[in-house]
Amino acid sequence: MELKRAGNIMIPLDRYPHIPYWFTLRQAIAEMEKSELETNGRKSLPRILLVFDEAYKLLGMVRRRDILRGLEPKFLTSEPLEYRKKLFNVKVDPTLFELSSEKMVKGIREQAERPVSEVMLPIVATVDYADNIIKVIYEMVDNNVSLLPVLQDQKVVGVVRSVDVFHEAARILLE
Amino acid sequence: MKWLRNVFRSGQEEAHASLRALHEKFSDFLTLLETNNHVLKIISDMEEKSQGEYLFDINYIRSSLAEVRIGVREIIDKMIALGGEPYEALREQYAAIDAEIEKALPGNRRIERDDFTIPFDKLGRERASSVGSKNAQLGEMRKLGLPTPDGFAISAWAYKYFVDANSLQARISKRIESLDIKHYSDLMRVSEEIRALVVSSPVPDELAEAIQKSYSELFKGTSSRRFSLRSSAIGEDTLFSFAGQYATFLNVGEDELIARYREVLASKFTPQAIYYFLSHSLTESELAMSVGCVEMVDAASSGVVYTRDPVKPENGCVLINSIFGLGKYLVDGTLSPDVFCVSRDDKTLRESRLAKKTVRLTAPAQGGTVEECVPDSMQQTASLTEEQATLLADFALRLEKHYGGPQDIEWAIDHEGKLFLLQTRPLRIVSPRTTAAPPDVSGFRLLMAGGTVVCPGAGSGPVFHVASTQDLAKVPDGAVLVAPHPFPGLITAIGRANALVARTGSVASHMATIAREYCIPTLVGLEDAGALPAGESVTVDATGAAIYAGAHPELAMARRPECELFDDTAIIGLLNKTLIHISPLNLVHPGDSDFIPQSCRTFHDITRFAHQKAMEEMFSTGKDVKHKERFSLRLKSDIPLQLNIIYVDQDFSQYGGKSQIGENEIESIPMKAFWDGFRKEKWPVRPPSGDFKGFVTVMTSGMTAQGQPEFSENSFAVLSKEYMILSLRMGFHFTTIEAMCTQEPSKNYIRMKYKDGGASIDRRVRRIKLIVDVLSKMGFENSSKGDFLDAMISYIGADTVCEKLRLLGRINMMTKQLDMALSNDAIAEWYTRDYIKKLGLQDAKDGGS
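Residue numbers (the numbering used here), protein chains in the order written: chain A, 1 to 175; chain B, 176 to 1024.
Just so you know, the hints here were simulated from the structure itself, not pulled from any lab data.
Note that the structure is a prediction, hence the values are computed from the model and not measured.
Among the hints, erroneous ones may be present.
Unchecked claim - Quick list of in silico lysine to aspartate or glutamate cross-link-like pairs, EDC-like style, CA-CA up to 20 Å: (1) LYS857(B) / GLU118(A); (2) LYS1013(B) / ASP937(B); (3) LYS34(A) / ASP937(B); (4) LYS857(B) / GLU54(A); (5) LYS855(B) / GLU113(A); (6) LYS335(B) / GLU287(B); (7) LYS855(B) / GLU110(A); (8) LYS649(B) / GLU711(B); (9) LYS34(A) / ASP1000(B); (10) LYS944(B) / ASP14(A); (11) LYS43(A) / ASP1000(B); (12) LYS1013(B) / GLU110(A); (13) LYS1012(B) / GLU113(A); (14) LYS388(B) / ASP290(B).
Unchecked claim - Simulated restraints on C-beta separations: (15) PRO728(B) / SER101(A): 49 to 57 Å; (16) GLU79(A) / SER834(B): 35 to 43 Å; (17) SER101(A) / ARG620(B): 40 to 48 Å; (18) LYS857(B) / ALA125(A): 30 to 38 Å; (19) GLN817(B) / SER101(A): 44 to 52 Å; (20) ARG1008(B) / LEU3(A): 40 to 48 Å; (21) LYS857(B) / LEU121(A): 21 to 29 Å; (22) TYR138(A) / GLU1004(B): 39 to 47 Å; (23) THR77(A) / LYS811(B): 31 to 39 Å; (24) ARG1008(B) / GLU110(A): 20 to 28 Å; (25) GLU79(A) / VAL860(B): 27 to 35 Å; (26) GLU1004(B) / THR39(A): 19 to 27 Å.
Cβ atoms here follow ideal geometry from the backbone N, Cα and C, with glycine treated the same way.
Make the full structure from the sequences, and use the hints.
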């Protein structure tokens, strides 16, 4: 059985959502919520966005949890972690929840205007278009990432997601 | 080193020449806009006059036309100066249109050589140009075998002979041309001067002899030697009625013949006669006066017969008015006449209404006329027998048949009971016009009031807001259209509208012309019109400049005559004939393939074409200016755009070597507005490089960035106080924004071109669609192709220009590299909605906040 290569299972860049680094968290959320990716007849929402600079160079990536982290209201992030934990300790009594939802929403809205560059992650690894799937799996595991940019002639041409690699592994093992 | 200095100097000279050329072009451009505006105003005024609500005369038509001609020629000259040879074709087009206008205007008809006097027996209607209609018709009636008094005509040629012999024409013309008919005192003065001039001028001997000779022949062998001298002006009694304008002398004797003849000629210049022909587009030079010398009928009774009732033409009656004595007391209104209605079918008397006729005018043997009392026993008897009435009706209907139209005939019956027809002319049937009192609107709920009336009238219907051409297809029948400004595209929906309201606009806009052509009640300049509730029924009372809640068809009905005021009186007819070649707009969309000089069929087309093309030429001139780096100022700003500014209304040397200016030093209203908006949206600031530690940037191949490093080419602006052309290179997209912002809405416009981008074509196209949607909300007309957009808005007030420029500034910043993010339609739609909201452009009906 011939192993597929990164280029075979990647999503080409023109189909994958990406934004410039100065776009806001709010815009990043819209981008994720409105983009539907279809591979082999399966639809999914992107979990990660690519971030580019003004010269269209790939700068980094931003995951859902990075965005969520970025949304935490300022009045909370300025407090020590212990204090924050306590605020949400509603197991004892839910009515003890000390924050008004209005105040929360306002705080989140404010934070949503921050640029994604403030929460994005650097690109720590890439794979080549011709790399086989074993190499791809290796890079994902080794770097603990679920998405890898695919380079061809030193230029980004697409991305491979862990889910695509997983599907490929399933095909090999289950068929 | 010398060669280097030379090179530098020659470069310097070229740069100066380039700047001079730019200044000149800009000045030509401004002149063109200015002239265009002026011409449109005159055209609009002429159109307004053609609605029949204002007083004007032939001098008005001539002077307006002269101004329009000068203006259009100037526009063409400037267009050629701006764009060169391709626009030469406009000259030909102008000449062709002008030739048509010339044909429509009454020329200075030449008076043909003829005999000084011509007996009625030799006359027919074909001789009207020589002897006037009144004389010619007397000859024509004789030919038909109808009874008329004998006589002869003193021809127009005789008049010309008299005028030339005394060099009167120039002196008369000079006085009339300086006349303003709205000032009656002026009219009086001029009239008196001219009449004095005519009456004091001698009749040349050879003319006097010819008249005497004809007179002797006329009365050869008759006992009665009395006659009447009647005016018969050329042109009189045909298209124009002239009723009662010129003098008639009754019962004149031989000794008075020449003096009275001269007085009839002078009567052409009574104030009312001058007024009449000025207001009927006739010039005195074409109205030569012929005079009829007619055997006096010693009338027992006389009057007028109309072959139809002029106010109720459908009632099938010949209408006869009759009094005792000479007819003068009837036509001048001294007496109320007996009225006889004779059936047109069987010529039987249907009805007679007798009036009390206390006096009559008679022609005594010693000459002149005398009023005498009618004996009491006669006062209420019929002045006409049934037999006579029937005979008269019969003659009248024969004349109607002969002339092919209703006639207005003067007649007299002498003491022997012999009937004479004295004159016939076409009868003007006037359809009754509703002259109802202004409608009562006291019970209506007023929604808003104000604005400028572009087309009077009133119309009801559901409110439909039109923001752009895209909305037009959805306009329901019978809607009240509410538009942000009267943009040309509205024409496609106007046929379905009952009324039109625009927040801005003026009577000079293209759309105003069209609204009037279509008689759509139209109000413009109603700032709050955007607040009219969509879908709700309202009534726009354009005449009253008010909008009421609910449908009020009775108001629309009552206002109807006002928007159908088109009148067919001669002067308005002439104005309309002229306007056919001046005001209709055939060239509407610059994108159409027939938007070329050869398609210009009216002066308005030429101005429209030139206006559009002038903007385009200015645009490319500004863009391609050479050596601009040598005479431009760099804009100091924290926005990292290398923006160079060239002022076209300032002398570069005044900067004294200064090479930079600050943002608050911008001396251009449109540029200031744009830059305000531009700054409002933040330029992306790259975090300090430390923050990006560990970030390796990776080149991308999926992008189509053309490999040009960012900002390789400087952005620049060509500015004046009221104008800007700004060319920005925003990273991967180019945008050029041109704007004119003056106090004259008709001169103002904004145009934006937007192209390219760094992302793949589908994302660039999505971005263009997003911009189109946003700009449509702002009232722009957009034409886009792929990732290229050309958007335009015009005829808007200065404040609106600035407001829209601020928005464009923001939009340009907000869409910088937005294409990158538009990976699918859903996300593009989300951004469109988000931006429309951010920019405050959502409709009331979309739900605010």
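Status of each hint after checking the structure:
no. : hint                               : result
1   : LYS857(B) / GLU118(A)              : holds (16 Å)
2   : LYS1013(B) / ASP937(B)             : violated (24 Å)
3   : LYS34(A) / ASP937(B)               : holds (16 Å)
4   : LYS857(B) / GLU54(A)               : holds (14 Å)
5   : LYS855(B) / GLU113(A)              : holds (15 Å)
6   : LYS335(B) / GLU287(B)              : holds (10 Å)
7   : LYS855(B) / GLU110(A)              : holds (18 Å)
8   : LYS649(B) / GLU711(B)              : holds (16 Å)
9   : LYS34(A) / ASP1000(B)              : holds (9 Å)
10  : LYS944(B) / ASP14(A)               : holds (18 Å)
11  : LYS43(A) / ASP1000(B)              : holds (16 Å)
12  : LYS1013(B) / GLU110(A)             : holds (15 Å)
13  : LYS1012(B) / GLU113(A)             : holds (15 Å)
14  : LYS388(B) / ASP290(B)              : holds (13 Å)
15  : PRO728(B) / SER101(A): 49 to 57 Å  : holds (53 Å)
16  : GLU79(A) / SER834(B): 35 to 43 Å   : violated (52 Å)
17  : SER101(A) / ARG620(B): 40 to 48 Å  : holds (43 Å)
18  : LYS857(B) / ALA125(A): 30 to 38 Å  : holds (33 Å)
19  : GLN817(B) / SER101(A): 44 to 52 Å  : holds (48 Å)
20  : ARG1008(B) / LEU3(A): 40 to 48 Å   : holds (45 Å)
21  : LYS857(B) / LEU121(A): 21 to 29 Å  : holds (24 Å)
22  : TYR138(A) / GLU1004(B): 39 to 47 Å : holds (40 Å)
23  : THR77(A) / LYS811(B): 31 to 39 Å   : holds (37 Å)
24  : ARG1008(B) / GLU110(A): 20 to 28 Å : holds (21 Å)
25  : GLU79(A) / VAL860(B): 27 to 35 Å   : holds (28 Å)
26  : GLU1004(B) / THR39(A): 19 to 27 Å  : holds (23 Å)
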